[in-house]
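Asks: Protein chains in written order, with the working numbering: chain A, 1 to 348; chain B, 1 to 348; chain C, 1 to 348; chain D, 1 to 348.
These are computed hints drawn from the structure, not numbers from a lab.
None of these values were measured; they are calculated from a predicted model.
A portion of the hints provided could be inaccurate.
[To be verified] Each pair of labels, with its calculated beta carbon distance range:
(1) A:R41 / D:G165: 43 to 53 Å
(2) D:G127 / B:M306: 15 to 25 Å
(3) A:G223 / B:P34: 17 to 27 Å
(4) A:A159 / C:G304: 39 to 49 Å
(5) A:G223 / C:P125: 32 to 42 Å
(6) B:R278 / D:R320: 44 to 54 Å
(7) A:N106 / D:S44: 39 to 49 Å
(8) B:G323 / A:G25: 46 to 56 Å
Each residue gets a CB set at the ideal place from its N, CA and C atoms; glycine is no exception.
Protein chains: 4
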Amino acid sequence: MNFSSDNWAGATASVMEALNRHSTGLASAYGADPLTADVTRTFSAIFERDVSVYFVATGTAANALALSAFARPGGAVFCHSDSHIQVDECGCPEFLTGGEKLVPINGADGKITADALRNAMKAFPEGVVHHGQVASVSITQSTECGTVYTLDEIRAIKAAADERGIPLHMDGARFASALVSLGVTPAEMTWMAGVDVLSFGATKNGCWCAEAVVFFNPEQAKGFEYFRKRAGHLFSKSRFVAAQFEGYFADDSWLGSAAHANEMAQRLAEGIRRTGGRTAWPVEANEVFPILPQEKVSRLREAGAMFYEWPADGLPEGSRPSGEEVCLRLVANFATTPEDVDCFLELL
Amino acid sequence: MNFSSDNWAGATASVMEALNRHSTGLASAYGADPLTADVTRTFSAIFERDVSVYFVATGTAANALALSAFARPGGAVFCHSDSHIQVDECGCPEFLTGGEKLVPINGADGKITADALRNAMKAFPEGVVHHGQVASVSITQSTECGTVYTLDEIRAIKAAADERGIPLHMDGARFASALVSLGVTPAEMTWMAGVDVLSFGATKNGCWCAEAVVFFNPEQAKGFEYFRKRAGHLFSKSRFVAAQFEGYFADDSWLGSAAHANEMAQRLAEGIRRTGGRTAWPVEANEVFPILPQEKVSRLREAGAMFYEWPADGLPEGSRPSGEEVCLRLVANFATTPEDVDCFLELL
Amino acid sequence: MNFSSDNWAGATASVMEALNRHSTGLASAYGADPLTADVTRTFSAIFERDVSVYFVATGTAANALALSAFARPGGAVFCHSDSHIQVDECGCPEFLTGGEKLVPINGADGKITADALRNAMKAFPEGVVHHGQVASVSITQSTECGTVYTLDEIRAIKAAADERGIPLHMDGARFASALVSLGVTPAEMTWMAGVDVLSFGATKNGCWCAEAVVFFNPEQAKGFEYFRKRAGHLFSKSRFVAAQFEGYFADDSWLGSAAHANEMAQRLAEGIRRTGGRTAWPVEANEVFPILPQEKVSRLREAGAMFYEWPADGLPEGSRPSGEEVCLRLVANFATTPEDVDCFLELL
Amino acid sequence: MNFSSDNWAGATASVMEALNRHSTGLASAYGADPLTADVTRTFSAIFERDVSVYFVATGTAANALALSAFARPGGAVFCHSDSHIQVDECGCPEFLTGGEKLVPINGADGKITADALRNAMKAFPEGVVHHGQVASVSITQSTECGTVYTLDEIRAIKAAADERGIPLHMDGARFASALVSLGVTPAEMTWMAGVDVLSFGATKNGCWCAEAVVFFNPEQAKGFEYFRKRAGHLFSKSRFVAAQFEGYFADDSWLGSAAHANEMAQRLAEGIRRTGGRTAWPVEANEVFPILPQEKVSRLREAGAMFYEWPADGLPEGSRPSGEEVCLRLVANFATTPEDVDCFLELL
């Protein structure tokens with residue numbers, strides 16, 4: 001009954017097999033090995049387009065480095081108030097972009113809207129040097145609230161971004177869970193909807209450490225290897241990341257893992273609803289945010305259930321937890337079992 | 001016959017076993033897991049002192065982040081002209097320290113001397129704001145020339161650093177090879193000789209990706225977790241690095257691997273000498289730098305031997321390669337076999 | 001009838017006299033001249049304490065450099081949502097602090113409160129590396145809304161800052177106008193109330209270009225000359241800034257200038273009230289923010305009056321400009337004449 | 001007899017007149033005033049081309065900001081080992097460029113040669129991420145050794161820079177002295193010879209504080225106002241810098257000042273030669289570097305002469321000061337009188 005986070009999980013069997021398979025022998029360092037080339041081709045196949053792929057150490061690095069490729073002096077990065085880059089990255093985006101300002105935008109269900117973006121960009125009128133300049137916009141898919149942007153929502157945000165000529169970044173730390181939730185293709189959810197650069201996260205969904213920055217336009221990727229190396233994010237034995245991706249993509253196991261985690265989340269959500277509980281946000285990916293009476297939460301903890309409390313201040317009045325309630329975050333992962341879920345629900 | 005680099009090798013059996021052993025189950029993320037705690041205790045045991053250990057993604061990051069903890073505005077970092085931080089890190093030290101200046105110091109056999117350091121520091125007199133200020137000194141053990149600082153040499157450099165109140169950093173990308181070469185303890189080669197902070201590299205000697213910044217004084221480590229996170233170097237599934245270290249240290253396998261690589265280097269060196277060849281620098285660790293006639297090198301290449309050419313401009317006149325000669329770098333690693341070596345020597 | 005900004009004004013006679021007086025002869029460069037020493041002593045006399053004074057080129061630089069002296073990795077700087085550092089400095093604070101995050105706090109009348117600060121700091125709990133860490137708090141005196149913090153308000157903010165161990169910075173671009181408004185001493189409004197470092201602005205109140213960073217605690221000033229020089233803000237002919245300060249302080253002319261500007265603002269405010277108009281915020285310094293019917297504003301413009309429109313979104317509902325109204329900013333300066341004011345009021 | 005530095009001088013009469021003339025009245029802030037526009041037109045006239053002109057606070061800022069406009073991750077800036085940006089700017093270029101590496105190049109008479117540049121760039125081969133990438137080259141005119149690049153030398157450096165696609169920056173802290181020394185036009189010495197961006201210094205030659213970054217290609221200037229503002233270098237009362245330039249350029253007074261200073265330097269040099277003395281480098285601008293017996297120097301000091309000692313380690317063996325000798329720097333400025341010089345020579 002451990003729903004603490006998907007990054008508490010280990011590696012899937014398929015990832016471990018690939019790691020073992022490639023653990024011996026000599027191969028070129030720094031990404032010049034054949035396996036890295038292979039995996040890059042797989043990425044291109046998956047995205048139905050020649051993409052530029054750069055492995056980095058963490059999701060935080062992927063986000064910050066992706067944004068740094070589009071940084072401008074006095075630049076503003078627009079993002080949701082609850083986004084990982086704004087709240088959970090210890091200023092890494094600010095640091096790696098050379099001091100850009102993150103401009104938090106409020107929005108229901110962890111999402112920003114095209115109009116809210118337009119409004120936020122107004123504070124940075126073209127050519128007024130004092131206020132700085134618009135630089136990029138970043139969305140998280142699936143979001144920190146366990147919701148998922150629809151393709152239309154992404155397209156609308158892209159349209160707003162285009163009005164000011166800034167690129168659209170997608171933080172895909174939970175890319176796979178959004179993908180299977182929408183039932184669309186990777187291409188549809190990214191470049192076809194206007195995404196310029198993607199943080200492709202595989203760690204939460206079954207790798208040890210496999211994160212990549214993916215550019216859909218080779219022009220925009222130009223020189224990115226220097227950004228990565230300058231931040232200390234070029235692995236020497238790059239093939240060990242490639243190996244993980246090989247195992248991850250093999251037989252679509254990544255989609256299976258994500259589908260399973262989403263399913264477990266639905267099972268949790270339904271169970272909670274059945275007991276008369278409510279969730280802070282719609283359950284669309286692998287995270288569930290129940291609002292529960294404080295005493296129930298204590299009982300769950302005593303029985304050994306593990307999870308984090310979650311701030312729910314962003315909810316509209318009336319939906320927020322009352323004085324006796326608390327909002328939890330329950331995260332399902334590839335290894336969560338129906339038994340874990342049922343055991344938790346029983347306690348409830 | 002692949003002597004390209006020790007980072008072309010894969011992982012040792014002992015490292016892979018540990019990775020497999022810890023691949024399943026849930027564990028706290030971001031280094032709060034029991035395995036990371038265990039491994040940190042092992043580090044302290046190895047160094048005979050309570051040390052602060054921070055895993056990071058790469059050796060470049062370890063170096064740059066270690067230096068960033070001691071950065072000052074207008075700061076100067078003293079290092080050898082051929083050092084990795086000066087030549088091979090794409091400005092990562094400059095970037096992560098907020099723009100410090102690396103001051104290259106020439107020196108025989110890839111080493112700086114205490115007096116050369118003293119002399120270089122004179123350009124930064126106390127209190128003269130224009131020239132900036134001394135910030136830190138970095139040495140590489142074993143060096144980029146395959147040589148090893150003696151304990152006396154390290155102590156002398158520390159004494160010079162102390163005269164200006166700056167800390168001593170050791171780039172230990174090949175820490176183990178130096179250790180077994182000198183036949184001293186990790187404590188003797190580090191804090192006992194005056195090292196303040198160490199980049200402890202395990203990747204080249206048999207891990208996939210296991211690098212750590214080690215502080216010997218908890219005061220100096222204060223707040224370092226923020227430097228690491230801000231650069232995107234805090235792994236979420238930190239235990240996968242810890243697992244590698246567990247396997248690395250198990251049964252002193254790390255020392256065995258290093259000893260083997262050094263032995264293979266000696267076998268190479270002796271063979272080269274036997275054929276009347278010479279090396280650019282003494283062979284004291286796992287690297288050999290023969291100076292060979294161009295045509296021999298071509299023959300080796302044709303026969304399938306792999307290696308890099310290496311600049312030897314730093315050699316004193318008379319020792320430098322002549323017009324028909326070229327300097328090679330041959331790197332042995334834990335998996336290099338005597339057969340590899342003998343086959344190479346035979347071709348020679 | 002030009003109320004555009006106090007930085008549209010030139011220099012006072014007293015400042016020009018001093019500049020002329022010191023325009024010839026040779027003097028040590030980079031602040032080692034006797035005049036700079038003299039003026040520093042004057043600062044200490046004015047603040048009734050030995051202060052460390054650093055001239056810089058602009059108010060923006062003064063703010064950003066002052067904050068940089070207290071920067072931490074992943075650091076958060078707390079400030080009002082409308083503050084100059086947040087809105088008008090093109091990311092200079094973010095850049096010169098190495099990527100700190102500015103955390104905007106809403107608050108009535110352009111001021112933050114101690115409790116709002118406490119609340120904002122909660123998002124940065126001690127020791128949680130993901131969220132970063134508290135670094136400093138900055139207030140503006142007088143504020144961007146033409147209001148003035150009382151000594152009690154400053155003391156309360158300092159108390160909240162002390163609870164988390166962060167320093168208090170005061171942006172004193174309009175320091176003199178606040179000082180004469182409160183009728184207190186420079187010491188009372190700064191270090192006695194808890195201010196650690198002050199951006200002392202003299203440009204808006206009658207100098208050409210005279211801004212200084214003032215530390216009240218020599219320990220905190222240590223090494224600051226390196227921060228300044230590293231940002232290109234150490235003037236070679238430093239005495240020309242010193243000369244301006246000499247003229248500025250002579251015969252308390254700075255207080256006279258500020259008192260005059262404040263008086264003109266009051267004259268404006270009273271006139272507006274007399275015509276039935278209202279102001280967005282209380283008029284406590286040299287700025288007046290009338291909310292006027294659009295058509296009146298057009299008429300003023302046609303008659304040659306000059307001023308900027310000002311966003312008043314921060315006002316509580318009910319007080320905000322209606323659809324037909326607009327908020328203006330009128331800034332009085334040392335050279336504003338009663339005739340200017342009366343002429344403007346007549347048009348109204 | 002004060003030859004300490006040209007930045008020990010005050011302002012010329014013509015500069016002071018202009019400052020006084022423009023000291024009153026209201027004018028747009030931040031460079032939108034008519035005087036700044038006027039002066040910009042004068043710059044264009046002087047350079048016979050539409051140039052983009054940006055005032056900044058110091059020569060250090062001008063250099064570092066100019067270079068920052070061309071910065072790349074892992075970028076290398078090539079410059080002379082004795083150049084101001086390398087030795088005297090406290091890491092400002094490294095800081096404002098986001099951590100570029102300055103690559104010092106030795107060269108006779110304070111100059112780099114095209115071939116030395118070519119050779120230095122070899123360490124940064126195209127596409128090898130580890131070593132970083134070439135970013136820009138900077139020359140100083142007149143140099144730190146009081147010498148002047150010929151037009152041919154500049155053109156040759158530009159040709160080498162073009163081979164790798166990097167721009168040529170000129171540090172013109174002593175631009176005027178080089179100009180009158182060569183007897184060429186500003187256009188000839190800059191864009192016609194291949195200079196892309198110029199730090200135009202007027203402070204040393206008679207202003208209080210008037211430095212400008214001048215771009216010769218509007219494309220390259222794009223967005224530069226954000227670099228300047230982000231570093232805190234946009235003056236609010238910009239017209240006070242413009243006024244200085246107006247006075248500086250009026251009636252070619254800047255050329256007169258520079259010619260006078262150069263003449264005084266020649267008078268010094270000839271006098272020294274007459275007494276059998278020698279200079280470290282040819283005297284081509286307003287600086288003289290005599291190598292004198294230690295005891296003579298002591299006598300000069302006792303008699304009240306003021307100057308700095310200067311390192312002359314860069315000289316070829318045989319030319320370097322002997323044990324009993326010392327190298328001095330004597331700087332003439334617009335206000336140096338023949339009597340100053342003769343008095344000094346008499347003492348000699």
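Asks: If a hint holds in the structure, say so; if it doesn't, say that too.
Replies: So, going through the hints one by one against the coordinates:
{"no.": "1", "hint": "A:R41 / D:G165: 43 to 53 Å", "verdict": "violated, 31 Å"}
{"no.": "2", "hint": "D:G127 / B:M306: 15 to 25 Å", "verdict": "holds, 20 Å"}
{"no.": "3", "hint": "A:G223 / B:P34: 17 to 27 Å", "verdict": "violated, 42 Å"}
{"no.": "4", "hint": "A:A159 / C:G304: 39 to 49 Å", "verdict": "holds, 42 Å"}
{"no.": "5", "hint": "A:G223 / C:P125: 32 to 42 Å", "verdict": "holds, 38 Å"}
{"no.": "6", "hint": "B:R278 / D:R320: 44 to 54 Å", "verdict": "violated, 35 Å"}
{"no.": "7", "hint": "A:N106 / D:S44: 39 to 49 Å", "verdict": "holds, 48 Å"}
{"no.": "8", "hint": "B:G323 / A:G25: 46 to 56 Å", "verdict": "violated, 37 Å"}
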